[in-house]
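Chemist: The lines below spell out each chain.
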Amino acid sequence: MFLIFCLVITGNQIEVYNAPHNDGLIITVALQSDATIESPKILTSSAPPASPANVEVVDRPNDAGGSIIITWTKSADDGGGRESVKQYLISRSTSIDGEFELMGTMDKGAEQFVDGTTEDGTHYFYKVQAFDGTLYSEPAMSEAVASSGQWFHTGRINMLIATLVLSSLVLWFIRKAKRGEELYIRPISGLEAVEDAVGRATEMGKPIMYIPGILDMDNIQTIASMIILGRVARKAAEYETSILVPTCRSIVMSAAQETVKEAYLDAGRPDTYDADKIRYLTDDQFGYAAGVDGLMIREKPGAIFYMGAFYAESLILAETGHSVGAIQIAGTAHPHQLPFFVTACDYTLIGEELFAASAYLSKEPLLLGSLKGQDWGKAIFIALLIGGVILVSLGFTKIITWLTTG
Amino acid sequence: MKKQAPLIITFIAGSVMILQYFIPHRPFSDIQQIFNTWFLIITVFAMILGIGNLIKIHSERVQRQRSGWWYSVVLMMGFIVMFVAGIGWGIERGSFFYYLYWNMHIPMSSTMFALLAFFVASASYRAFRARTPDATLLLVSAILVMLGRVPLGNYIWDKFPLVGDWIMGYPNMAGQRAIMIGIAFGVVSTSLRIILGIERTYLSGK
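Taken in sequence, the protein lines are chains Z and H. If you count by numbering that gives the first Met the number 0, then the first sequence holds residues 0 to 405, one letter each, in order. If you count by numbering that gives the first Met the number 0, then the second sequence holds residues 0 to 205, one letter each, in order.
To be clear, the hints were calculated from the coordinates, so they are not data collected in a lab. From a predicted model like this one, the values you see are computed outputs, not experimental measurements. Take these hints with a grain of salt, some might be off.
[Unchecked claim] From the derived model, a few chain H residues whose C-beta atoms are all more than 12 Å from chain Z:
#1 Gln3
#2 Val15
#3 Val80
#4 Tyr97
#5 Tyr98
#6 Ile142
#7 Leu143
#8 Val149
#9 Tyr154
#10 Asp157
[Stated by the list, open to error] Straight-line alpha carbon distances no greater than 30 Å define the calculated DSSO-like cross-link-like pairs of lysine-lysine that follow:
#11 Lys362(Z) x Lys175(Z)
#12 Lys377(Z) x Lys362(Z)
#13 Lys276(Z) x Lys55(H)
#14 Lys175(Z) x Lys205(Z)
#15 Lys1(H) x Lys276(Z)
#16 Lys55(H) x Lys260(Z)
#17 Lys234(Z) x Lys158(H)
#18 Lys177(Z) x Lys260(Z)
#19 Lys2(H) x Lys234(Z)
#20 Lys177(Z) x Lys377(Z)
[Claimed, not checked] Derived DEER-like restraints, expressed as beta-carbon distance ranges:
#21 Trp165(H) x Asp195(Z): 36 to 44 Å
#22 Thr400(Z) x Val15(H): 27 to 35 Å
#23 Asp96(Z) x Phe38(H): 48 to 56 Å
#24 Val119(H) x Asp195(Z): 26 to 34 Å
#25 Ala126(H) x Asp195(Z): 17 to 25 Å
#26 Gly67(H) x Pro186(Z): 24 to 32 Å
#27 Ile155(H) x Pro60(Z): 53 to 61 Å
#28 Phe44(H) x Ile379(Z): 54 to 62 Å
Glycine included, each C-beta is placed from N, C-alpha and C at the ideal position.
With the hints as constraints, model all of the structure from the sequences given.
Modeler: Here is the structure:
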């Protein structure tokens with residue numbers, strides 16, 4: 000074994016390092032100004048920081064692969080000792096005596112690093128070194144580890160159970176409904192009023208306006224809104240009342256056109272369908288609000304439906320609708336917009352009622368069955384909440400872990 | 000087949016999206032991103048439909064000189080100017096499009112947003128009339144929260160901010176969470192109905 004030392008002469012001092020990694024003892028030697036050196040005098044000395052320990056490597060759980068978690072115990076000089084550690088350096092190699100490549104650094108205090116650049120199936124060795132800004136500690140080595148993807152997310156078992164329970168309940172009640180059993184669903188005044196609103200608009204000789212929110216078709220509220228639109232459009236077709244649908248997204252416009260067209264066909268009135276009544280205004284939130292407000296003022300609809308996802312424009316629209324004297328029914332799953340609708344509209348579908356609307360309006364046993372299943376799911380959830388509160392109050396906190404999704 | 004094909008596509012797409020939540024392994028882990036990319040591509044094509052619809056409706060309105068047709072002229076001019084400016088000279092900082100966007104579009108949007116303050120005032124005036132016990136409760140809560148949020152409330156009684164925070168943090172939060180739980184169940188139930196093909200309203204299903 001060879002030891003290579005590096006001498007750095009600065010002014011009247013010589014600094015000695017252990018090369019090539021600059022680790023080892025530093026000895027600073029003062030040179031006598033008259034060059035009569037009898038013995039070197041050690042002025043200062045410092046040692047490298049203590050090594051981190053217990054380097055453990057594991058394949059990152061519940062991922063698609065390509066990732067390894069490296070953990071270690073902090074150096075004795077990190078948070079104690081000489082307090083000299085500034086960083087940890089994490090290096091990787093495919094063989095224990097091969098060349099290690101620096102993968103990343105972590106600031107002092109860190110005890111974990113995630114290497115997200117691994118190739119699945121390849122075994123890697125990791126070394127972790129503490130660094131004090133000048134010197135490196137002895138490396139702490141890991142065992143070999145290989146990354147791989149998992150076929151099941153173990154942190155989501157509780158969600159799987161919840162999904163299965165809820166789905167089973169829904170399917171069970173659908174089956175019950177299929178067998179002809181009568182299912183009681185509580186009356187929802189906002190939905191009871193849909194037919195009245197369409198009838199009122201018809202009597203007044205005014206159109207109906209249906210506003211499907213401002214989000215795109217990838218939002219579940221917009222999808223629910225399209226389903227309700229189908230029911231409302233069918234009633235409008237039966238009453239031979241014009242229906243205006245200003246949209247904020249092009250795809251919503253296309254979907255609304257198809258939905259209304261199908262509803263008119265279904266009602267046996269395809270001749271009264273007018274595609275131009277379902278129009279695209281703009282993607283811009285307040286541009287859309289201005290456009291819809293303008294339509295309301297000009298067309299003076301007898302009934303206005305706000306169903307879907309709304310943000311700050313909700314009250315601007317609902318107050319304008321109120322000012323033109325329309326009967327207004329709103330529904331949204333955005334809790335922050337609900338107070339605005341409750342204030343400005345005649346009826347408001349609160350949260351889940353928006354999703355129940357289609358089933359409720361259709362009165363079809365299959366759809367009502369799914370509502371019943373949803374209600375039972377809610378009952379189970381409430382029981383879990385109450386039970387959880389009691390258990391946690393009694394000190395059984397494990398239930399929090401069970402109910403937390405990973 | 001016209002109605003079966005969308006149902007099959009919906010079932011497969013919906014089931015795969017549920018599976019990807021529980022299966023982190025590839026290719027399931029990439030599916031959401033792939034679907035998002037597809038959605039963006041479809042959106043771009045649908046945008047052409049939207050713009051086509053906009054031009055068709057407003058050019059007809061101008062042609063037939065229907066009431067308020069000049070609004071359509073303004074809209075068409077605005078569309079053409081922004082379109083030409085964007086395509087012709089780009090949309091970077093300092094471009095004509097950028098100038099129009101920041102000096103016309105943004106102020107107009109802000110103006111619409113600012114109107115909200117007046118609508119809040121008019122809606123509150125109607126809602127806070129103490130006609131029923133519920134409305135009275137709403138009125139009292141609103142006054143307490145408002146007093147807790149403005150400096151004057153703190154000046155009158157330094158506990159008003161605490162009262163306001165308590166109303167927002169407990170009764171209000173409890174109500175919001177109850178609504179959120181209901182929404183979550185509603186979303187699951189609606190998704191199941193659509194995936195299983197029970198809900199077919201969008202396909203003119205009976």
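Chemist: Indicate whether the distance between the beta carbons of Phe44(H) and Ile379(Z) respects the range 54 to 62 Å.
Modeler: 43 Å, violated
Chemist: Over 12 Å from every CB of chain Z: does Tyr97(H) meet that, or does the non-interface label fail?
Modeler: With a cut-off of 12 Å, Tyr97(H) remains clear of chain Z, as the shortest Cβ separation is near 16 Å.
Chemist: Confirm or reject the claim that Ala126(H) and Asp195(Z) have a C-beta distance inside 17 to 25 Å.
Modeler: 22 Å, holds
Chemist: Please settle this one: Asp157(H) was flagged as non-interface, so is its CB more than 12 Å from every CB on chain Z?
Modeler: Per Cβ check, Asp157(H) is outside 12 Å of chain Z; nearest 27 Å; holds.
Chemist: Take a quick look at Val149(H) and tell me if its Cβ sits farther than 12 Å from every Cβ on chain Z, holds or violated.
Modeler: Answer for Val149(H): holds, closest chain Z Cβ roughly 19 Å.
Chemist: If I take the minimum Cβ distance from Gln3(H) to any residue of chain Z, is it greater than 12 Å?
Modeler: 15 Å, holds
Chemist: Just to be careful, I want the Cα atoms of Lys177(Z) and Lys377(Z) compared with a cutoff of 30 Å; is the pair within it?
Modeler: With Cα atoms ~22 Å apart, Lys177(Z) and Lys377(Z) stay inside 30 Å; holds.
Chemist: Is the Cα-Cα distance between Lys234(Z) and Lys158(H) 30 Å or less?
Modeler: 53 Å, violated
Chemist: Would you mind confirming whether the straight-line C-alpha gap from Lys2(H) to Lys234(Z) stays at or under 30 Å?
Modeler: Holds: Lys2(H) and Lys234(Z) sit about 22 Å apart, inside 30 Å.
Chemist: Hey, Lys1(H) versus Lys276(Z), does the alpha-carbon distance stay inside 30 Å?
Modeler: 25 Å, holds
Chemist: Taking the shortest Cβ-to-Cβ distance between Leu143(H) and chain Z, state whether it exceeds 12 Å.
Modeler: Holds, because the least Cβ-Cβ distance between Leu143(H) and chain Z comes to about 15 Å, which exceeds 12 Å.
Chemist: Holds or violated: is the Cβ of Tyr154(H) farther than 12 Å from all Cβ atoms of chain Z?
Modeler: 27 Å, holds
In terms of the numbered hints stated before, the structure departs from hints 14, 17, 26, 28, listed from lowest to highest.
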